[in-house]
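**Student:** Each chain, written out:
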Amino acid sequence: MATSGDMSHWDWNIGKKVIADLHQWRKSFEWLEEPYVSPDGETIAAVVRTKDGMFSVCVNGDLWETRSDKIWSLRFSPDNRPAAFVSNQGLWTIAVGGRPWLNTYEFVWDLHFGEGGGPVIVAAVNKGRYVAVSDGVPWSQGYSFMTGLVVSDDGGHSAAVVQSAAFNPGDIFAFQKGCYTVAVDGRPWDRSFVNVWEMSFNPDGTRLAAEVRTTLYDYTIAVDGRPWDRSFSSVWQPKFNPADGSVTAPVKVKGGWTLARDGEVFWDQRFCQLLHHYHSPDGSAVAAIVAPEFARWSVAVNGLLWPKTFNHLITDLTFSPDGKHVACAARKDGRWTIAVDGLCWDLAFDMAWTPVFSPDSCHVAAKVEKAGRFFILVDGRPLKLEFAGAWNPVFSPDGCKLMIRGIGGSEKELSYCRYVFDMSGLPV
Amino acid sequence: MHAVFNFVRGPMAGIAFAVFIIGCLYQMASMWRLARKKDAVVFHYFSLFYALRSIIHWMVPFAALNMRRHPVMTGVTFVFHLCLFAVPFFLSSHAILFKESWDVSWAWLPDGIADIMTLAVMGACLFFLGRRIFLREVRYLTTVSDVLILFCVALPFFSGFWAGQQWPGFPVMTLVHMISGEILLMLIPFTRLRHMLFFPVIRGYMGSEFGAVRRARDW
Amino acid sequence: MKKFKILPYAALFSVFLLAGTMAAFAQENIEIVHDAAFENQTRPPVAFAHDAHNEKAGIDDCGECHHAYADGEKQMGDDSVGMECSQCHYGKPGQGVADLIRAYHLQCAGCHGERKAGPVLCGECHRRR
Amino acid sequence: MTHRPEQPYEIISDIGVEKGAEKLTPERIREVIRRYLEEEGGARLRVYADTCVHCGLCSDACHFFLSNDREPRFSPAGKVKQALLPILRKKGDVSADFIKRATEIAFTECNLCRRCVMYCPFGIDVAYLMLFVRRLSHKLGVVPQYIQDTAHSHAATMNQMWVREDEWIDTLHWQEEEAREEIPNLRIPLEKEGAEIFYSVIGPEPKFRAQLIYQAAVIMNVAGQDWTMPATPGWDNSDMCMYTGDEEMVARLKKKHFETAMRLKTKRIVMGECGHAFRSVHDVGNRFLGWKMAPVPVTHAIEFYSELFQSRKLRVKRKYDIPVTLHDPCNVVRGGGLHELARYVIHETCSRFVEMHPNREHNYCCGAGGGVINCGPPYTHKRVVGSRVKAEQLAEAAAKGARVVIAPCHNCHGGLEDIIKHYGLDLEVKFLGDIVYASIDKEG
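Chains as they are written, first to last, in this note's numbering: chain U, 283 to 710; chain X, 182 to 400; chain C, 29 to 157; chain Y, 7 to 450.
Hint data in this document are derived by calculation from the structure and do not stem from the laboratory.
Treat the hints loosely; a few may be bogus.
Residues from chain Y that face chain X, not an exhaustive set, calculated with beta carbons under 8 Å [said to hold, decoys possible]:
| # | residue |
| --- | --- |
| 1 | GLY48 |
| 2 | VAL59 |
| 3 | ARG76 |
| 4 | PHE128 |
Once the Cα atoms are required to be at most 20 Å apart in a straight line, the calculated SDA-like pairs of lysine to any residue come out as [what the hints assert, rightly or not]:
| # | chain 1 | residue 1 | chain 2 | residue 2 |
| --- | --- | --- | --- | --- |
| 5 | Y | LYS298 | X | LEU229 |
| 6 | Y | LYS145 | Y | TYR42 |
| 7 | Y | LYS298 | Y | GLY48 |
| 8 | X | LYS219 | Y | VAL290 |
Since this is a predicted model, take the numbers as computed values, not measurements.
Beta carbons: idealized from backbone N, C-alpha and C, even for Gly.
All chains should be built: construct the whole structure from the sequences, respecting the hints.
**Tutor:** Below is the structure:
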């Protein structure tokens, strides 16, 4: 999760701020898309159509100066700038904070941000050449095909799967020789693969690991272009251990799925499935979403299973900053809840979002939804607030306060409000 | 004669029943173990309700569309299987043998009915043989073992009928009957005859998949 | 395993023995095994030449076939001549005839099987006409 | 047993099969087959193969058999006999020529429609057995070229039609713009997190049938649905890898699809009118990943339309008055039980409906499903010849007055269109969505 480095400068004074009256927005615009809110909660924005039939973005009630034929993918950067893809006369670019980049493209998509004020990176195509563009600067080399753009945490590096060799439509044998590779900052790896899929940068963006298939049947992980010696019948997304730089990935071996590290099987256990794994921020622990048996889902931390299993699914696994706790969203018998360290919160919802740990790892908060109303849970209890729309809660850097961003609040009107509560004074 | 009889009536009968029962248990257990190991999913989709729904539909004559499309085959098949099970258990001579050996008894069929049923089994075997010879799609599928099995099924009925009628040479036929019957029993777990074991298993599993997962009928 | 030794057809023989040794008719040469309990006969009745059989089988003691039991023990020197088999061998409700048939079969064919002499197959005793 | 010589079959030339088989050696065939028999040949394979009593009762289920003058080698058990039993009996000691022939049978003479399951007294799943043969063919690298190319597309782009990331989004923009001419405030919401519905389609929709996306957008907007479509790979719910035997790719594709729906925090996936994709998300792909049922509930278009009519979110303005008949696609009827709902929607939207016979679970396959149409032109002739009974069935419905055949499945569409053309039938194929779109009150 990209976070802003500057959270301490945000307004952490306890209280409620009414940022915008969306009811008013609704009256002003015949066309109002779903709003987005800045990480600091101070800004709300939405794509709107103005009376001239053009599109713009309304930010806290003010419109961007530029008008466009079309706008999509409005999102806030970690440093609270609204950005969106905008098009005029069939040409596309991205506008950040209302200002479009000078370069235009036939198409732009796949918006990425570097952490805390880092660059904005997008995928773009011109005349059949695909590139990634970072703050307006495209890769020096374009490709005939590109997919799966990823960027490093700070946004300093970008990589995508690209086509390295041309083949005619239907030439299955050329395809099987390997026509895909990874371009990192525009430069391709010197080795091609039959396929390359999910990729991960290491924390400083200097290394890249990817799922690859070297034949139709041999799956492995390639790190900086070099595949592991051993291949597997399947693999999922690799990750770097932030502490020692080793690369880990779920792999399928005889008997089931397990975790491999640097090409060797790392965990003794075999699972029916091992979908995603995550390293703790300090690299001391690794947790994974696993199915110990068919149709039962649980979390394995360093290979040890939570005793609790869920029959539907587990998603949104997250480590506490100190690496000692793990939380996730889980669905059982059709209802969602939050589970922390194997213990389930005794509440059921229609949807649950990624749980958020406090910086001191002592508290967990989460956004949930039931029957179209949104609620914030803290440590297993719902706050006495109910929203028509809400965003994930945010802890202050010292962990003493909690910011909540929501539309509607307890009132009937459609106001977007930003609340800051002291952790000892939560409305429970 | 007495030595052969004593063996066939005694140890061989015991062996035949043991091979049959243990063989069936072994087949079921090994199938179960294999399923646990490599087809674990099938257990997760098993639904008793839908399994029974399907099994019952396929145990009731003419309840499935394909049975109605082949009325003669359906009729013959049901009569055949019914008689195939009923005669060995409910023929008076057999019932008395069970009574003598294990002191358990049940109602038995009048011999005249049993005779007719025996003829029905033999007739059905002939019918099946005819299908295997004259129906192209069945002939195409037929293997030597299919014909041998048909023969193995018919023989105890044929010889039993002969012995029952006390036609010339019936003492030998009686022994042929006993031996062929015991062989047939032992063959069940190890030949295609084990379809009798797997019928409820497959039908139950497919019934569960069709009913619970695919929300459709399978008959 | 011993239990397996008995064939239904041995029924015949035991019928011979039992019937033949019935006390009331001891001196006569009984030709058909008869017991009042057999109401509807499934199989043809069994012909039995009492004296000829006993002579051939070397049976002198009536009690060998017309056995007498007390407290589950066979009473040596005692016999049941004069009784119908069904007086004892007509046991559990609903299984009366089966019990009786069983007794006959065990008695006749059981012995034949053990001695490897005499008919053991169904049709050997229950002769059709 | 006097065997009448069977009709000779013509070996169809397919570069994927030919060149693939050239690379095979007896050792490799044996090694690969034994390995996968050992690893994946489980109880179902054993029990199905061992239990079949060769009664031939499955024959009448198969349109290939019926259409080819009851030629025995086209019966379901006949195909198992040719393509699978020698492999099991000889434990993989089969020739490259055998593999070629087995591949052709498993890929192009069986639509995996599972009609025969309903005709076999035991319920033996011949589709499962044919898929096992396909799995071996895949592992041996002997797969018809066209469908293999489609599988490659899935692997490279996560969709079936080599649609690039930008092309996908651009197509949605384009359809949105088109539809706004009709409904000014229509929107195709992209990447709308937390929407109720994740709408997914198959690759051919943006590629060849973009009007279906248009129609779906109109229906969603008129019915006031809270929906979204993703702007990333994962939008395609189709899955030809399921039919080439590349199960590892099936898992990868379905993971991408389901996780895209989860990433957007949508509550359910509503999918367009596709049959095989429904099979893939409803009871195949989820299993390869360890989920008993789809991790995000899946609603097929038929079910979705019926829901919208039942809840009065859609109202009919003028019923479609050309007489229609309905083709029940195997994967949503035998595989999903949606036949009555389809009839309900037709009843709501059409004034004249002619039943085809047989129908519902017993309907004849279109001849295209199970990846057969995806094996491409080399097999088209065999496919339409193998669909003669379907043509007769259609002709009968046409004789009763039907002018339009509704086929709520893409593959069925392709298959039926080929049949109609080949046999010169006077019928037009339409999606249920076409009818719904044409008949509803769009003013809302």
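**Student:** All hints, please: hold or fail.
**Tutor:** Hints versus structure:
1. GLY48: holds (3 Å)
2. VAL59: Where the cut-off is 8 Å and the nearest Cβ of chain X is about 5 Å from Y:VAL59, the hint holds.
3. ARG76: holds (6 Å)
4. PHE128: holds (5 Å)
5. Y:LYS298 to X:LEU229: It holds: about 17 Å lies between the C-alpha atoms, which stays within 20 Å.
6. Y:LYS145 to Y:TYR42: The hint holds at about 9 Å.
7. Y:LYS298 to Y:GLY48: holds (19 Å)
8. X:LYS219 to Y:VAL290: Roughly 16 Å between the alpha carbons, so the hint for X:LYS219 and Y:VAL290 holds.
This entry satisfies every hint, going by the numbered hints stated previously.
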